[in-house]
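**Q** Here are the chains, one letter per residue:
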Amino acid sequence: DTEVTQTPKHLVMGMTNKKSLKCEQHMGHRAMYWYKQKAKKPPELMFVYSYEKLSINESVPSRFSPECPNSSLLNLHLHALQPEDSALYLCASSQELTLGNTIYFGEGSWLTVV
Amino acid sequence: QQQVKQSPQSLIVQKGGISIINCAYENTAFDYFPWYQQFPGKGPALLIAIRPDVSEKKEGRFTISFNKSAKQFSLHIMDSQPGDSATYFCAAKAPGGYQKVTFGTGTKLQVIP
Chain A
1 DTEVTQTPKH LVMGMTNKKS LKCEQHMGHR AMYWYKQKAK KPPELMFVYS YEKLSINESV
61 PSRFSPECPN SSLLNLHLHA LQPEDSALYL CASSQELTLG NTIYFGEGSW LTVV
Chain B
1 QQQVKQSPQS LIVQKGGISI INCAYENTAF DYFPWYQQFP GKGPALLIAI RPDVSEKKEG
61 RFTISFNKSA KQFSLHIMDS QPGDSATYFC AAKAPGGYQK VTFGTGTKLQ VIP
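Sequence lines, in order, name chains A and B. Following the working numbering, the numbering of the first sequence begins with 1 at its first residue and continues without gaps. Following the working numbering, the numbering of the second sequence begins with 1 at its first residue and continues without gaps.
Excised from the complex, chain A in its bound form (with noise of 0.2 Å):
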């Protein structure tokens, strides 16, 4: 069993709607990212926060807005998504971001944009 929880695991929204993807994790680690993946693709990073800061955002546009409350949890917050944003979201954590491997991934939000 995944040790990364993610709600919802599905979403359906208008392009006009304002919605937000939650993630949480326990295993203490200190750095948390969020992934897209397309069907019959592999991950894209979206975003890395490290020690509750955004470290890495990977040129995602700004209707994508991710928040790190406290060290457990990750939002996305989504605004004024285009239909060709429908994907699978992957919340995802590791030990620290320059330290340990190992990526754990959540079991995903799947998102449909109508």
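FYI, nobody ran anything at the bench for these hints, they're computed from the structure. Glycine included, each C-beta is placed from N, C-alpha and C at the ideal position. Honestly, I wouldn't trust all of these hints.
Unchecked claim - Label pairs and their in silico Cβ distance ranges:
#1 A:THR112 x B:ALA45: 36 to 44 Å
#2 A:ASN70 x B:GLY16: 43 to 51 Å
#3 B:SER7 x A:ALA39: 13 to 21 Å
#4 B:GLY41 x A:SER65: 24 to 32 Å
#5 B:GLN3 x A:ILE56: 35 to 43 Å
#6 A:THR112 x B:SER55: 24 to 32 Å
#7 B:GLY41 x A:GLN95: 21 to 29 Å
#8 A:LYS41 x B:GLN81: 20 to 28 Å
Stated by the list, open to error - Pairs of lysine-lysine residues, derived as DSS-like cross-links and limited to a Cα-Cα distance of at most 25 Å, are as follows:
#9 B:LYS15 x A:LYS40
#10 A:LYS41 x B:LYS71
#11 B:LYS71 x A:LYS19
#12 B:LYS108 x A:LYS38
#13 B:LYS108 x A:LYS53
#14 A:LYS38 x B:LYS93
#15 A:LYS40 x B:LYS93
#16 B:LYS100 x A:LYS22
#17 A:LYS40 x B:LYS42
Use these hints to put chain B onto chain A, whose structure you have.
**A** Chain B only, in chain A's frame:
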């Protein structure tokens, strides 16, 4: 330089057979090579990983073979079972500072009874 090439794209194996997935890389700085298993509708899960100082690592029915000189590594699934049907991603990561995990393109494995 950062690419990891994975083949085949899809694979059908009979139950009890051996599944083999291959990956190749260019960046000699990579020093950590994990394999992820992803079932439909789920996130990727770490299956097994290897460092280049060993040529083989075995965990149950899963074995990674590593050829440092050829810059290739492969996943062997012995006695493949229908429950192994999933998409498998190889990956690689370099040490030092923050190094992004580079994923292969994935192999969809189907094990038929």
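**Q** For the pair B:GLY41 and A:SER65, does the Cβ-Cβ distance stay inside 24 to 32 Å?
**A** holds, 26 Å
**Q** In this structure, is the beta-carbon distance linking B:GLY41 and A:GLN95 contained in 21 to 29 Å?
**A** Holds - the Cβ-Cβ distance for B:GLY41 and A:GLN95, about 27 Å, lies within 21 to 29 Å.
**Q** If you check the beta carbons of B:SER7 and A:ALA39, does the distance land in 13 to 21 Å?
**A** Cβ of B:SER7 to Cβ of A:ALA39: about 19 Å, so the range 13 to 21 Å holds.
**Q** Is the straight-line distance between the alpha-carbon of A:LYS40 and that of B:LYS93 25 Å or less?
**A** holds, 21 Å
**Q** A:LYS41 and B:LYS71 were given as a pair; does the straight-line alpha-carbon distance stay at or below 25 Å?
**A** Status holds; Cα separation ~23 Å.
**Q** With the threshold set at 25 Å, check whether the alpha-carbon distance from A:LYS40 to B:LYS42 stays at or below it.
**A** Satisfied, since the Cα-Cα distance of roughly 13 Å is no more than 25 Å.
**Q** For the hint 35 to 43 Å, verify it against the beta carbon of B:GLN3 and that of A:ILE56.
**A** violated, 19 Å
**Q** Is 24 to 32 Å respected by the C-beta to C-beta distance linking A:THR112 and B:SER55?
**A** The hint (24 to 32 Å, Cβ to Cβ) is violated, given that A:THR112 and B:SER55 are roughly 45 Å apart.
**Q** With 36 to 44 Å as the target window, see if A:THR112 and B:ALA45 comply at their CB atoms.
**A** Violated, at about 24 Å.
**Q** For a C-alpha distance cap of 25 Å, please report whether B:LYS71 and A:LYS19 respect it.
**A** violated, 44 Å
**Q** Given the hinted pair A:LYS38 and B:LYS93, is their alpha-carbon gap at most 25 Å?
**A** holds, 22 Å
**Q** Hinted pair, alpha-carbon criterion (25 Å max): B:LYS108, A:LYS53. Please report holds or violated.
**A** Answer violated: B:LYS108 to A:LYS53 is near 36 Å, above 25 Å.
Violated hints for the displayed structure, listed by number in ascending order: 1, 5, 6, 11 and 13.
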